[in-house]
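As you go down the protein sequences, you meet chains A and B in turn.
Numbers 1 to 310, taken from my numbering, label the letters of the first sequence in order.
Numbers 1 to 255, taken from my numbering, label the letters of the second sequence in order.
Accuracy of the hints is not assured; some may be wrong.
Unchecked claim - Here are the simulated lysine-lysine pairs, PhoX-like style, with alpha carbons at most 20 Å apart:
id, chain 1, residue 1, chain 2, residue 2
1, A, Lys13, B, Lys249
2, B, Lys86, B, Lys252
3, A, Lys23, A, Lys216
4, A, Lys23, A, Lys13
5, B, Lys249, B, Lys86
6, B, Lys252, A, Lys13
7, B, Lys86, A, Lys143
8, B, Lys252, B, Lys165
9, A, Lys13, A, Lys216
To be verified - So the derived list for chain A, only partly shown, Cβ under 7 Å to chain B, looks like this:
id, residue
10, Arg75
11, Arg78
12, Glu87
13, Phe107
None of these hints come from the bench; they were simulated from the model.
Glycine included, C-beta positions come from ideal geometry on N, C-alpha and C.
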Amino acid sequence: MSHVPAVRFQHVKKQYGELSALKGISFDVEEGAFFGLLGPNGAGKSTLINAMSGLVIPTSGRIEIQGHDVIADYRQTRRLLGLVPQELIADPFFSIRELLDLQSGYFGLKGPKQRAWVGELLERLALSDKSDSNTGQLSGGMKRRVLIAMALVHRPRVLVLDEPTAGVDVDLRRTLWDFTKELHQQGHTIILTTHYLEEAEALCDKVAIMQEGEVKALDTTQSLLSKHSYRYLRVTLAQPAQTLTPPLEERLVEREPNGLVFKLEKTMSLTQLLAWLSEAQLEIEDISSRDASLEEVFLDLTAEGKSNAE
Amino acid sequence: MQSNWSGCWALFIKEVRRFYSVVVQTVFAPIVATLLYLLVFGHVLETKIETYASVSYSQFLIPGLVMMAILQNAFSNTSSSLIQSKMHGNLSFVLLSPISAFEFYVAFVLASVVRGVIVGLGILIIGVVGFDLTWQSPLWVLVFAVLSAAMMGGLGMLAGIISDKYDHLAAFQNFVIMPLTFLSGVFYSIHALPEFWQQLSYFNPFFYMVDGFRYGFFEQSDVSVYLSLLVTIVFLTIVSSINLILLRKGVKIRQ
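Work out the full structure, taking the sequences as your base and the hints as a guide.
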């Protein structure tokens, strides 16, 4: 039997007049993955997600969810996919429970088993005591939780979260992280877009970085980090540095009250840096090294894209 | 491809509950407003306008007003629900579900028929009780009430789809729907009009809906009831076809 990915994008394009929001996107998201879709504003992440869930019809190309085409077999794909949209949507005519019951109804789901599942969702997302509240009157965090419950009402295999932690407090962010990790452990494929790159680094096993409607990088998170050709060295000084020699100045990325942070090519030996520091007559108290964070990889890749475009 | 009629039913129930949750605004207010027309126009014009033989002006007026209320409320139901859902973004809840364009259309239009018919019935009950109105052919009354409400529900959906904001919808309502309903023979028989206006009325589809509906009460009408039925069905088919094409293509809702 041939291998079927959870999601497959094949040459997906979306054109809005002159603007190419998606320029032929092709990649797979494997079954059971925790996949991060990253990129600056306007990169096309939300358009891609909306095309996958049927909220946007692509201009050309094909998207499959577990082997089913999202246009031709939309009934199957919508049953397989749950989307938590970026916007905090509410329906001022209905309470939380009514909305969840209606959403279940749209999927043809009813009866005691479904009611029990809705009750479980309300419980798990700490919405039980607010279940009769009108959704138009909820706080941002509450609305976000309602949207997650709405996306899970039909028990989808693939869950897509578009900026789920944007604008939520630290506690709720942590709760949402735990909840999505739990869903992932239960076998759900999770696709996450986020602006918090530490979030992607902590949660995602694979990452695609998009820019201007194209995929700039696609790899496992670890591989992306290790492939990055720089490392960062933090040098703590006994005395603040007044002037630096040109090779040090070139590599300096941050000046702290009692230290300096340098970005060095991985191929460069530490001895070379120590020699330059010695030449500059700087008294070193401590030195620590770390690999690039996902944020730094992201910034490098997107900056490259920008300079290439210019 | 398999159907999802239970999803369609859930959407229909949601649409009915939506207007029921603001029943004063969506049902009682239009009934009261229409009764004011009846009181004012019926009283002032009772002896001034000739209608059909052995039919008083108020009796003549009531079916027209009932149909006017059905048309306007069926239109309002789909158009306002759709534009509100678009503006609030909650239309995506439905768009993410496995409901087809046809099921989506049927659910919205049926809910608009229910609202239109409930409002019409409210006015009709007062007409029957207060003005000795009787219906000679109840089947025609029912057929025109349902088909006309469905046509207007469809037209409301079309307006809701193409409108980007409330202002666009208000323009459609005030510059298209209102003039066409007021000039459809609600308040008069078109035979009382000068030749030019009479001819012009034949191009107004709402005229046939009012005229056919009125036939159900008096078995008298300005044009053949079968012609009215044909025009209503043709317009319902055209409006439904345009809606289904737009919904399938996702025009202005899946973009």
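Evaluation of the provided hints:
| no. | hint | in the structure |
| --- | --- | --- |
| 1 | Lys13/A to Lys249/B | holds (16 Å) |
| 2 | Lys86/B to Lys252/B | holds (9 Å) |
| 3 | Lys23/A to Lys216/A | holds (12 Å) |
| 4 | Lys23/A to Lys13/A | holds (5 Å) |
| 5 | Lys249/B to Lys86/B | holds (16 Å) |
| 6 | Lys252/B to Lys13/A | holds (18 Å) |
| 7 | Lys86/B to Lys143/A | holds (18 Å) |
| 8 | Lys252/B to Lys165/B | holds (12 Å) |
| 9 | Lys13/A to Lys216/A | holds (16 Å) |
| 10 | Arg75 | holds (4 Å) |
| 11 | Arg78 | holds (5 Å) |
| 12 | Glu87 | holds (5 Å) |
| 13 | Phe107 | holds (6 Å) |
Violated hints: none; the structure is consistent with every hint.
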